[in-house]
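Peer 1: Next come the chains, spelled out residue by residue.
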Amino acid sequence: DGGITQSPKYLFRKEGQNVTLSCEQNLNHDAMYWYRQDPGQGLRLIYYSQIVNDFQKGDIAEGYSVSREKKESFPLTVTSAQKNPTAFYLCASSIGAASREQFFGPGTRLTVL
Amino acid sequence: AQTVTQSQPEMSVQEAETVTLSCTYDTSESNYYLFWYKQPPSRQMILVIRQEAYKQQNATENRFSVNFQKAAKSFSLKISDSQLGDTAMYFCAFSRGTGTASKLTFGTGTRLQVTL
Chain A
537 DGGITQSPKY
547 LFRKEGQNVT
557 LSCEQNLNHD
567 AMYWYRQDPG
577 QGLRLIYYSQ
587 IVNDFQKGDI
597 AEGYSVSREK
607 KESFPLTVTS
617 AQKNPTAFYL
627 CASSIGAASR
637 EQFFGPGTRL
647 TVL
Chain B
341 AQTVTQSQPE
351 MSVQEAETVT
361 LSCTYDTSES
371 NYYLFWYKQP
381 PSRQMILVIR
391 QEAYKQQNAT
401 ENRFSVNFQK
411 AAKSFSLKIS
421 DSQLGDTAMY
431 FCAFSRGTGT
441 ASKLTFGTGT
451 RLQVTL
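The listed protein sequences derive, respectively, from chains A and B.
Just add 536 to the spot in the first sequence (first one is 1) and you have the working numbering.
Just add 340 to the spot in the second sequence (first one is 1) and you have the working numbering.
Bound-form chain A, shown alone:
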């Protein structure tokens, strides 16, 4: 079945450590996205990628980094520079301009202790 997978579902890290969240899709979509969700704030865009080896900052990119070495993979690293990293992280993908519709993964809950 085609879809988007995110792993792990729950992640715990100590303050000051970098952590990488996985996102894989087998939908053959060109574009991929990372969102952060906090209570009462909806979803906010962190980074997005339109094609392999290219990505752009979203609205809240500070303290995060990404890579897009393969079409199906778009990992997100939460660095120690992110001041408040505890949140729910959602990955999404879209075909591109024709659809304008995004498909979401199940999310990763990151807790920094």
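Some clues are possibly wrong.
[Stated by the list, open to error] Once the Cα atoms are required to be at most 27 Å apart in a straight line, the calculated DSSO-like pairs of lysine-lysine come out as:
1. Lys418/B <-> Lys395/B
2. Lys443/B <-> Lys410/B
3. Lys593/A <-> Lys607/A
4. Lys413/B <-> Lys607/A
5. Lys395/B <-> Lys413/B
6. Lys593/A <-> Lys606/A
7. Lys395/B <-> Lys410/B
8. Lys593/A <-> Lys550/A
9. Lys443/B <-> Lys606/A
10. Lys443/B <-> Lys619/A
11. Lys545/A <-> Lys443/B
12. Lys607/A <-> Lys550/A
13. Lys443/B <-> Lys418/B
14. Lys443/B <-> Lys593/A
15. Lys619/A <-> Lys545/A
Think of the hints as simulated: they come from the structure by calculation, not from any bench.
Starting from the known structure of chain A, fit chain B onto it as the hints suggest.
Peer 2: Chain B only, in chain A's frame:
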């Protein structure tokens, strides 16, 4: 920049009744798309319905329909014959119609509780 506003943080409806969730947006774009996403307790985001701004006809998907008022920049969601499985957070979202990446701008959401 685009903004999306959902002014109802929480709503409740009895099973089989109809409920309307409100959404307003602000943009200077003429070509854009609007969406309603559902996020149940599992937290999986699910697309409920989409509307292209250039289409005058309101979108409908089974029990879900929208009232799209372009001049008023309003995009409300009507759920008919509400079911217990409709209990979820509902997010309104905006996407520009140009460019390759369909970046979404989300509202803060409305928590809907369907009761017996």
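Peer 1: Quick one: which hint numbers does this structure break? Sort them smallest to largest.
Peer 2: 4, 12
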